[in-house]
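Trainee: Next come the chains, spelled out residue by residue.
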Amino acid sequence: MEAEKFIWWGPHDLIEACARAGLPPGHPGQVLLAVPNSTGSAVTASSRSVRMVDPRAAVAALAMCSNGSPGISNSLSVWRRIAAAFLTGGTGESLVEELPVAGHTAVGLDGITIWAAGATVAAARRSISRLPPQPAAAYVDTVLRPYQRAGVFWMEHAAAYGLGGILADEMGLGKTVQAIALLAGRSHGLHLVICPTSVLSNWSRELARFAPQVPVIRHTGSDRRAAFDDLPSGSVVLSTYGLLRTDGALARTEWDVVVLDEAQQIKNPTSRAARAAYALETRLPLAMTGTPVENRLEELWSIMAFTNPGLLGNRMRFRQRFIVPIQDREAGAAAQRLHEIVIPHILRRRKTDVAKELPAKIESTVICVMSDEQEMLYRDALTKAFEAGLGVGFERSGRVLALLTRLKQICNHPELVRPTGGSLVGRSGKLDRATEMLTEIIDNDERALVFTQYRATGELLSRHLCRLVTRTAVPFLHGGLSMKVRDQMVARFSDDANGPPILILSLRAAGFGLNLTRATHVLHYDRWWNPAVEQQASDRAHRIGQTRTVNVYALLTERTLEGAIAEMHDSKKDLAETVATGRAFPRDSDLAALSDQQLRALLETRPGTQP
Amino acid sequence: MTQEFGHTAWGADWRRLAEPTYLSAPDPRLPKARSLTRRDGVENLIAEPGHISATVAGTGEHQILIELPVWTVAQQRKATRLVTSSATNDDLGDPIHTALGKAGLPPLPALSQMTATCSCLQRTRLCVHLLATCYEMARRCDERPRMALMLRGLAEIVAPTNVSRIPISMIDPRTFYPGGTCCR
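Protein chains in written order, with my numbering: chain A, 1 to 611; chain B, 1001 to 1184.
Some hints could be false.
Residues from chain A that keep clear of chain B, each with C-beta distances beyond 10 Å, as calculated [unchecked claim]:
| hint | residue |
| --- | --- |
| 1 | 41 |
| 2 | 105 |
| 3 | 157 |
| 4 | 197 |
| 5 | 213 |
| 6 | 223 |
| 7 | 343 |
Rough simulated footprint, nothing fancy, chain B against chain A, three-plus residues with beta-carbon under 8 Å [claimed, not checked]:
| hint | segment |
| --- | --- |
| 8 | 116-123 |
| 9 | 307-316 |
Facing chain A, from chain B, some residues (calculated, C-beta under 7 Å) [what the hints assert, rightly or not]:
| hint | residue |
| --- | --- |
| 10 | 1083 |
| 11 | 1085 |
| 12 | 1089 |
| 13 | 1164 |
| 14 | 1167 |
Don't read these hints as lab results, they were simulated from the structure. Every residue gets a Cβ at the ideal spot worked out from N, C-alpha and C, and that includes glycine.
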């Protein structure tokens, strides 16, 4: 299913058996199949040698092979009739019930389920018929990886059954793009996406990138609309948990799909956000989260009360049936039963499961919003600098550098330029987003490197992450430490099973020699003009000895100079040319060569990065 | 306060077996039995259609065997119809228990239709080990009402038909066709 192939399996002489039945032998492969164990008492996953065949070739051959062929099994014979139905324009639906488990027994990428007969037949038909997707979904369909297509298919099937679901793929597997493909493919009715403010811009950008034809409305701020009935069908309304709690228009609308991104936000069922979510009217309620929700029972109940109301019974009964037995008595049977009830409705694939399909390194840009405080400070710094004048020559270089440093620090956190001693939460879009991401990474027992170019930022991160994420000290490796201390930090991170899950590094101190392949996530908290510097840093984790996929995230604050840097990395804008230094990438100091007008245009609101 | 053992109708059947209403004087063995159950003293409990076996650790280890009549095929069919027509999810509410009783299919038969034996050879009607097993069954049926129906011959796990993914552990090996060339 997730490989989009037909599989022949069973006899020891597979190739000969294929020849006898008139089937193409295809390519050899090793896949997990759910098969009865040796005693026949249970079905378990077991790795088998199979032949894998492209669906079109398989269906054509199946339809041709005669029923009387020697050695033809029951499931093959049903598939033969299904294939014949496909070729005459049928759906094969009437044959689904006849298909024995052996005919759809390939284990899904999650490793714990198989796809039901109906779903398998529908997917097979789709893979050969090449039905043109909805025009709005045409582009995103081409960029989906097969496992992502299976994810979209699963969500669509849930809708067909009148159910919802939790898309819980691990971070980095592309939950957002799967959701976008689903939304773009459903052109009847309106869709709603609720997410934390920190990822709102990301949604706008990804929707514009993957489904440019889908109308998107940001429903935030005081000028938001009071109703949505005039929007064209298929529109996506983007809003936040904050508004979900208070906005009447969201509650009054009948939605087709409602996506709750970072759904752990409704982990408390009595919270206003959760109650507002339960009250939404929707055909397909979906939740997205990267945390292992299945093991957090209260949270699971709360999210499923939105996606699959009634499935787990009321909260009191859920406590009696599952929470008390599982948590207090470690009752294996209750845990097993809960697993069986919820697993069809949670799709969670881990990077290790998908590894074959993933490149060794996945790079992504995470767009963060500015807080009001950041916005004010940023504009203020710009205005003051240009009003006072930047001067010329040597003096100009110094002032431009100082300005750039100040702006970057404001993007990192206002506390760095205007200390208040107050709480750090809610004041920097980047810090809030980084906190969410790191929490999720650690919940999944993975380790992360965080790079910054500023000592003060590193220290601030270290304090903040220790308090809110790890609850143990978060080491910060920087140039001010002795070599011996740095070595100890690296050793603890790399070799100590109980070592810190996060290591913050100053880019300058960490540039050489370090091998930190224990980390599978790299966050660049701030940006360099020269992507090679970031590259080199990312390669601390992504280097020989790394057996897992490394995710590299570059955080950037929208509508700031960080956006300009990102554009230049994407080669959308050849700044090097503007600055004319002859270097491939400029340095901060080179920016002094720009005219005031050019400089201001670069540092101010940049339409290119505004969603 | 909710009952520690038997807060659902399904579990209450088993609690009442241990604490019949006709008891006029408090039975001093009951607190001891409850405490045994609470400390997970009922081990290796195997429940299958028609019988339950377990070992109870008290002073020494005791083997328990309880047997009860399985419903006839016709009774099972009737019960399945009743259950599937009113169950909204995997859990079964008390009203279904009531409906079964009204239809002449009480989930737990009267004690007179059951045999309960313990290797301790105590001659009281139910020894403390059997009482502890009753409490354990009350607890399990509270958590999982379908267990009560399984004892009478119904399927304990009902695979949902409206999902596109099936947990491997729910695949019935008996409906699986082994061997042969196959696909997907």
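Trainee: Would the stated hint for residue 1164 of chain B survive a check requiring a Cβ distance to chain A of less than 7 Å?
Mentor: 4 Å, holds
Trainee: Return the status of the interface hint for residue 1089 of chain B: holds when the least beta-carbon distance to chain A is below 7 Å, violated otherwise.
Mentor: 5 Å, holds
Trainee: Looking at residue 213 of chain A again, its CB stays over 10 Å from all of chain B?
Mentor: 28 Å, holds
Trainee: For the segment 116-123 of chain A, count the residues whose Cβ lies under 8 Å from any Cβ of chain B; is that count three or more?
Mentor: Check passed, 4 qualifying residues.
Trainee: Hint residue 1083 of chain B vs chain A: min CB-CB distance below 7 Å?
Mentor: Interface hint status for residue 1083 of chain B: violated (15 Å vs cutoff 7 Å).
Trainee: Does residue 105 of chain A really sit off the interface, with its C-beta more than 10 Å from all C-beta atoms of chain B?
Mentor: Incorrect as stated: the minimum Cβ-Cβ distance to chain B is 7 Å, not above 10 Å.
Trainee: Minimum C-beta separation from residue 157 of chain A to chain B exceeding 10 Å: can you confirm that?
Mentor: 4 Å, violated
Trainee: Can we keep the residue 1085 of chain B interface hint, with Cβ of chain A closer than 7 Å?
Mentor: 16 Å, violated
Trainee: Minimum Cβ separation between residue 197 of chain A and chain B greater than 10 Å?
Mentor: Holds, because the least Cβ-Cβ distance between residue 197 of chain A and chain B comes to about 33 Å, which exceeds 10 Å.
Trainee: With chain A as the partner, please determine if residue 1167 of chain B meets the hint condition of a C-beta pair closer than 7 Å.
Mentor: Residue 1167 of chain B check passes; min Cβ-Cβ to chain A is 5 Å, inside 7 Å.
Trainee: Quick check: do three or more residues in the segment 307-316 of chain A have a beta carbon closer than 8 Å to a beta carbon of chain B?
Mentor: Result for this restraint: holds, n = 4.
Trainee: Grab the minimum beta-carbon distance between residue 223 of chain A and chain B and tell me whether it stays above 10 Å.
Mentor: Nearest chain B Cβ is 42 Å from residue 223 of chain A, so the label holds.
The structure fails to meet hints 1, 2, 3, 7, 10 and 11 from the earlier list, while all remaining hints are met.
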